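Chains as they are written, first to last, in my numbering: chain A, 11 to 328; chain Z, 28 to 460.
Keep in mind that the hints were calculated from the coordinates and are not lab data.
Treat the hints with care, as some may be off.
[Said to hold, decoys possible] The calculated label-pair distances, taken between Cβ atoms and stated as ranges, are:
no. : chain 1 : residue 1 : chain 2 : residue 2 : range
1   : Z       : 219       : A       : 114       : 26 to 32 Å
2   : A       : 230       : Z       : 219       : 31 to 37 Å
3   : Z       : 366       : A       : 177       : 19 to 25 Å
4   : A       : 114       : Z       : 79        : 56 to 62 Å
5   : A       : 187       : Z       : 249       : 45 to 51 Å
6   : A       : 90        : Z       : 240       : 35 to 41 Å
7   : A       : 236       : Z       : 444       : 55 to 61 Å
8   : Z       : 107       : A       : 43        : 30 to 36 Å
9   : A       : 90        : Z       : 366       : 26 to 32 Å
For clarity, every value in this text was computed on a predicted model and none was experimentally measured.
In this text, a Cβ means the ideal position worked out from N, Cα and C, and glycines have one as well.
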Amino acid sequence: MSAISELSSLKITRARTPEERRMRAKEAGRDNKAGYLFLAPWLVGLLVITVGPMLASLYLSFTDYSLIQAPRWAGLDNYARMLEDPRLHQSLKVTFVYVFVSVPLQLLLALAIAVLLDRGMRGLSLYRSIFYLPSMLGGSVAIAVLWRQIFGTEGLVNQILRLFGVNASTGWISDPQYALGTIILLHVWTFGSPMVIFLAGLRQIPGMYYEAAAVDGASRWTRFTRITLPLLSPIIFFNLVLQIIGAFQSFTQAFVVSNGSGGPSDSTLFYTLYLYQRGFGQFQMGYAAAMAWLLVVIVGVLTAINFFASRYWVFYDD
Amino acid sequence: MGVNRRQFLIGGLGAMAATAGLAGLSGCGGSSSSGSATSGDLAFTWWGNDVRNKETTEAIAAYGKANPGVKISPQPGEWASYWDKLATQTAANNAPDVIQMDMAYISEYGNRGALLDLSKYGADTSKFAAGTVDSGKIDGTLYGINAGINTPTILVNPKLFAKAGIDVPDDKTWTWNDYKQIAGELTGKLGNGIVGTASPFNDATLSAWLRQQGKELFVDKGLGFTATDVVGWFQLMLDFQNAKAMPSASAITEEASQSLDQGSLVTGKAAMAYFWSNQVEAVNQAAGTEMKLLRYPSLAGKAAERKAWYKASMLWSASSRSKSPEAAVALINWWVNSTDCANICLAERGIPANTEVLGTVKPKLSKAQQSVATFIDEIKPELADTPIAPPPGGGTLGDVMSRAMSDLLFGRSNVNDAAKKFVDELTSNLSAS
Chain A
11 MSAISELSSL
21 KITRARTPEE
31 RRMRAKEAGR
41 DNKAGYLFLA
51 PWLVGLLVIT
61 VGPMLASLYL
71 SFTDYSLIQA
81 PRWAGLDNYA
91 RMLEDPRLHQ
101 SLKVTFVYVF
111 VSVPLQLLLA
121 LAIAVLLDRG
131 MRGLSLYRSI
141 FYLPSMLGGS
151 VAIAVLWRQI
161 FGTEGLVNQI
171 LRLFGVNAST
181 GWISDPQYAL
191 GTIILLHVWT
201 FGSPMVIFLA
211 GLRQIPGMYY
221 EAAAVDGASR
231 WTRFTRITLP
241 LLSPIIFFNL
251 VLQIIGAFQS
261 FTQAFVVSNG
271 SGGPSDSTLF
281 YTLYLYQRGF
291 GQFQMGYAAA
301 MAWLLVVIVG
311 VLTAINFFAS
321 RYWVFYDD
Chain Z
28 MGVNRRQFLI
38 GGLGAMAATA
48 GLAGLSGCGG
58 SSSSGSATSG
68 DLAFTWWGND
78 VRNKETTEAI
88 AAYGKANPGV
98 KISPQPGEWA
108 SYWDKLATQT
118 AANNAPDVIQ
128 MDMAYISEYG
138 NRGALLDLSK
148 YGADTSKFAA
158 GTVDSGKIDG
168 TLYGINAGIN
178 TPTILVNPKL
188 FAKAGIDVPD
198 DKTWTWNDYK
208 QIAGELTGKL
218 GNGIVGTASP
228 FNDATLSAWL
238 RQQGKELFVD
248 KGLGFTATDV
258 VGWFQLMLDF
268 QNAKAMPSAS
278 AITEEASQSL
288 DQGSLVTGKA
298 AMAYFWSNQV
308 EAVNQAAGTE
318 MKLLRYPSLA
328 GKAAERKAWY
338 KASMLWSASS
348 RSKSPEAAVA
358 LINWWVNSTD
368 CANICLAERG
378 IPANTEVLGT
388 VKPKLSKAQQ
398 SVATFIDEIK
408 PELADTPIAP
418 PPGGGTLGDV
428 MSRAMSDLLF
438 GRSNVNDAAK
448 KFVDELTSNL
458 SAS
């Protein structure tokens, strides 16, 4: 309903007698009820699966909760302890490095592949599927296990290096110098989902812009920077925000590659992995809940900064 | 363009909400009803391997046949996920009635009131060998019954020793330095990337080493050692590394997360390794070689002073909220005291603590298990006090130590800093729990 028709219906309502008005209100009430009924499946899910556990975890973050015994109120103790927890600081460092290195790399790769694929070539859907494949697999336990084999001291990578005469005896996931880099590589490799979104975005850019630019003699690079990038910027922004949030929550790869320890020497101690160790390994669910809320704040602040910054570079067409 | 600001914001909020939900999880599991010793519904959980799962299922069926009033619902699990599941089940107030417990967690659960005082419900340990009952006691309360005896050993691959032309050391007189020296020589003579020993540095050997100096890992609710005490331990490890007695830092890190059959002793990449005695059979089978059991070394070179101990390889506990505590304890009694059960499970969970049961099943044991039973019997004169169960938070010792050790092995720390970090972190884990 457009704004004008809403206004006109308001006028009509005012003109009616009180009785008629009551009738209309009753009808509207029934409409509302039906609306909530249709919303119910989603609403119940939201309350039970999202809001409920969130509130519970907010409460638990102010308690000392061992899972086995009932929670005991502890005020701000958990938050105070976080200030003096060297492993927490290490896990923040690891996670920030991971997010700020792997997300830009992954997006660049996804964009590059998407631009390459966006040429209406034959067999596009096949290529698209092949490039998407790592994303389907990358988050899985099987691939993380495979990576453990490939990057081990006796793994494929070292065997190939030895073929070329490099005396490689480093374990790429068991040496604290390289372990995080290897996991970042694994993440970058799963560029499929941002790539598919980029592809969809590229497909929506009207061809006439490029034709007009070509007529005016714009080079391919100019067309990319002046047409593709601005028109794609909302999509880039979308991918950026989602990938940053997703990267902060990374868990599986680090868990499997380091066997849940975050090792060697805490070099792959992701924030969520440490949270898990505290909650389920050391029975400090209150502390783990407080950690989860710190993560919410961090991700929230970063997302807010992202949105603020987006005003200066994202171009909305609508 | 497909995306507008509002859709976007909602997507972002949803993703954030999922983060907050991370720590608000809960689990579900079996249930039970009331009954006496011979009737009731029991949920029964254990972690294990294929052999254990098969034997345990068989034994449960046998018990069900003899006690038609008891209905047992088995909940087998894997070590890696077992404790997460048990913790959430306990939090949700539906822990299984009978629980296979580990020394590392028994006080965590016992001190928090999640386990039954078994002696109040007629637990029978009258035929148990000396020193095998205490491991299940926390502050005098019997929270767990020894499910099998274990002891730390060094396993030796005699074939690799023969190949290197080195004699297997006399385990009654060898010292930690002998161990290092022999392993270093083996590495030199064997070549091909084969090393003298897999890294023997873990919580059990630290316990052995500390005990030989009159210290313990844990004393009543606290640490039994100081940073100064473990400096020597970390130095010993660096000496092993410098003597090339053990694998590279990378290889050690990798082995720590590998299963038994991928370990360097099994794959023939190391001539010696540390193992618990109940693992010998699995090692032999996986390696296809009969390993020799050695006593771990002592400081003085006298086996009689090495302060050995029997550890409960695992324990049987019951939930304090069980609705059929009598039936649960009756099942545990049958499990540890009856030859019916022992004939099925043999020594898979360790050598039976009940001496009569051991006498009956010993002839039926495999050759490897028989040699373990003999070994356990022979070291009796070398036993000292049984170490107490780790207090709450103490189960993290192994993890904390392996972090400190990899800092050292990769040259990112020195022995004094590593020792201090190790003790500080452990102390804070103990006080936080």
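- Violations among the numbered hints: 1, 2, 3, 4, 5, 8 and 9
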